[in-house]
Structure formats: C-alpha cells, structure tokens
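Colleague: On the provided structure of chain A, position chain B as indicated by the hints.
As they're listed, the protein sequences go chains A and B.
In terms of the working numbering, the first sequence has 100 at position 100, counting the first letter as 1, and numbering is strictly consecutive.
If you count the second sequence from 1, you need to add 1000 to reach the working numbering.
By construction, these hints were calculated from the structure, which means they are not laboratory data.
Mixed in with the good hints, there may be bad ones.
Using C-beta positions, here's what the derived DEER-type ranges look like [unchecked claim]:
| id | chain 1 | residue 1 | chain 2 | residue 2 | range |
| --- | --- | --- | --- | --- | --- |
| 1 | B | K1056 | A | D18 | 46 to 56 Å |
| 2 | B | E1069 | A | M100 | 40 to 50 Å |
| 3 | A | S38 | B | E1016 | 28 to 38 Å |
| 4 | A | R22 | B | N1022 | 32 to 42 Å |
| 5 | B | P1010 | A | K17 | 34 to 44 Å |
| 6 | B | D1002 | A | V74 | 40 to 50 Å |
Partial list, computed: chain B residues near chain A (C-beta under 7 Å) [to be verified]:
| id | residue |
| --- | --- |
| 7 | T1005 |
| 8 | L1044 |
| 9 | L1048 |
| 10 | D1097 |
| 11 | L1099 |
| 12 | F1101 |
| 13 | T1103 |
Model, not experiment: these values are computed from the prediction.
From the three backbone atoms N, C-alpha and C, an ideal C-beta is built for every residue, glycine too.
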Amino acid sequence: GAGVSQSPSNKVTEKGKDVELRCDPISGHTALYWYRQSLGQGLEFLIYFQGNSAPDKSGLPSDRFSAERTGGSVSTLTIQRTQQEDSAVYLCASSLGQGMAEAFFGQGTRLTVV
Amino acid sequence: GDSVTQMEGPVTLSEEAFLTINCTYTATGYPSLFWYVQYPGEGLQLLLKATKADDKGSNKGFEATYRKETTSFHLEKGSVQVSDSAVYFCALRENTDKLIFGTGTRLQVFP
Chain A
1 GAGVSQSPSN KVTEKGKDVE LRCDPISGHT ALYWYRQSLG QGLEFLIYFQ
51 GNSAPDKSGL PSDRFSAERT GGSVSTLTIQ RTQQEDSAVY LCASSLGQGM
101 AEAFFGQGTR LTVV
Chain B
1001 GDSVTQMEGP VTLSEEAFLT INCTYTATGY PSLFWYVQYP GEGLQLLLKA
1051 TKADDKGSNK GFEATYRKET TSFHLEKGSV QVSDSAVYFC ALRENTDKLI
1101 FGTGTRLQVF P
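In isolation and in its complexed conformation, chain A is listed as follows (with noise of 0.2 Å):
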C-alpha cells in the first residue's frame, strides 16, 4: 500500500486476554519501529526491526509483551494477558535503513482493556 497500515484501529479487549496487532509497513523498507502512546504521554519505543531481526527489544514493557516480523515485512505485536495499564494507542512506523531516513508512520491501534 502508499502508506503504514495497522489492524485493527480500535480493539476493546477483556482483562486477561490476548491480543494481536498488526503493521503492514510501506513496501521495501527495512527498518520498523513500535512505540505506545498512552494519554497525554510521549511515545514510549517498545521493539525495532532490521529486517527480520530485532536488535533492540530494550522497550517491551514486561514479558507479556512481544513482537515479530516475517518475510521483512508484516509485524505483528502480541500482549498476552492484558491489564488495564496496557490500555494506550500503539504506534507503528518504518523507513528505509538508512541514519537519516524519514519514519512514517501508521495511524496506530487504540486498545482498551476493560
């Protein structure tokens, strides 16, 4: 597609639920980055992407939390057993390998743990 995809934009989920998101990132870029926007707070970097392999997984809040890409293309994010604290708009974004590559990003998942 001309653009970051995320799916789904909204999903409400039960306490103690898992849950899968989505990104499908622009065609031929090699880098993917998560984040998670909470409200009235920053973007918090959860995991990046080189290709398949992520170098960094630093940001993943908890074992709960973890992500894969396959193919250097589709991500998927997965919370198992999810808390209300989890409740927060996720963020996906790609761009090219390169230092001083534009990131753009997809419109994002808004999950709320009820």
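Modeller: Only chain B this time, still in chain A's reference frame:
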C-alpha cells in the same frame, strides 16, 4: 543509553508570536535529529530534520539547527498561526537505526 529531553508543555501563544521549543539530547555517536508533529486527530509526520552538526532543517516556517556543542536541536518559528496548534516531538536516530522520541510538547495558539 541515548535519550531526548523536551521542554514540558503546554506552550500557549497568541497568533504571530515567536515560538521556541527546547530539545536536548544525549548520544554516544553522531545521531540524526528530527522534529515530528502530530496535528489533532492525525498521525505523526516529519516536520524537519538535520543529519550533522551545524545543519539547519526547515519546513513550513519552522527551523532547527543541530548544535553539537550544546547537544541541542531547538525548534523555532518567527510567527505562529492557529493552524500550528499540535504536539511536537523531538527525536534522534542512532547509527544503529534505533529511533527515540522525546515526550512531546503541546502547542496551543490562540487568535
């Protein structure tokens, strides 16, 4: 690790006022620096960037200069408009390609 620090908002200005939003960074290498903007109800988009010391990025009347000696990348605009009301994020990209953002600064411009 590397980090970005922005001034806390909100910043409230009248139309045509001068704007400065401070941003400083900590980095072990020579990062690229960016300003992103998030307009109400929209996604983040790049506003401007600079890739080496003394570079000046500019767009839509905004500008920022990469100052290595003070590790800063302050955003400025000479005359703000109501349509500039948004949240502004300073960011750095390490040589490893990790992209780190500041906490964001909300700008509110009133007529």
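Colleague: All hints are to be evaluated individually against the structure, with a verdict given for each.
Modeller: Against the structure, the hints come out as follows:
1. B:K1056 <-> A:D18: 46 to 56 Å: holds (47 Å)
2. B:E1069 <-> A:M100: 40 to 50 Å: violated (21 Å)
3. A:S38 <-> B:E1016: 28 to 38 Å: The hinted range 28 to 38 Å holds for S38 of chain A and E1016 of chain B, with Cβ atoms some 34 Å apart.
4. A:R22 <-> B:N1022: 32 to 42 Å: Taking Cβ atoms as reference, R22 of chain A and N1022 of chain B lie about 37 Å apart, which means the hint holds.
5. B:P1010 <-> A:K17: 34 to 44 Å: Because 36 Å falls inside the window, the suggested range holds.
6. B:D1002 <-> A:V74: 40 to 50 Å: Since D1002 of chain B and V74 of chain A have Cβ atoms about 28 Å apart, the given range 40 to 50 Å is violated.
7. T1005: violated (11 Å)
8. L1044: holds (4 Å)
9. L1048: violated (10 Å)
10. D1097: holds (5 Å)
11. L1099: holds (6 Å)
12. F1101: holds (4 Å)
13. T1103: holds (3 Å)
The structure fails to meet hints 2, 6, 7, 9 from the earlier list, while all remaining hints are met.
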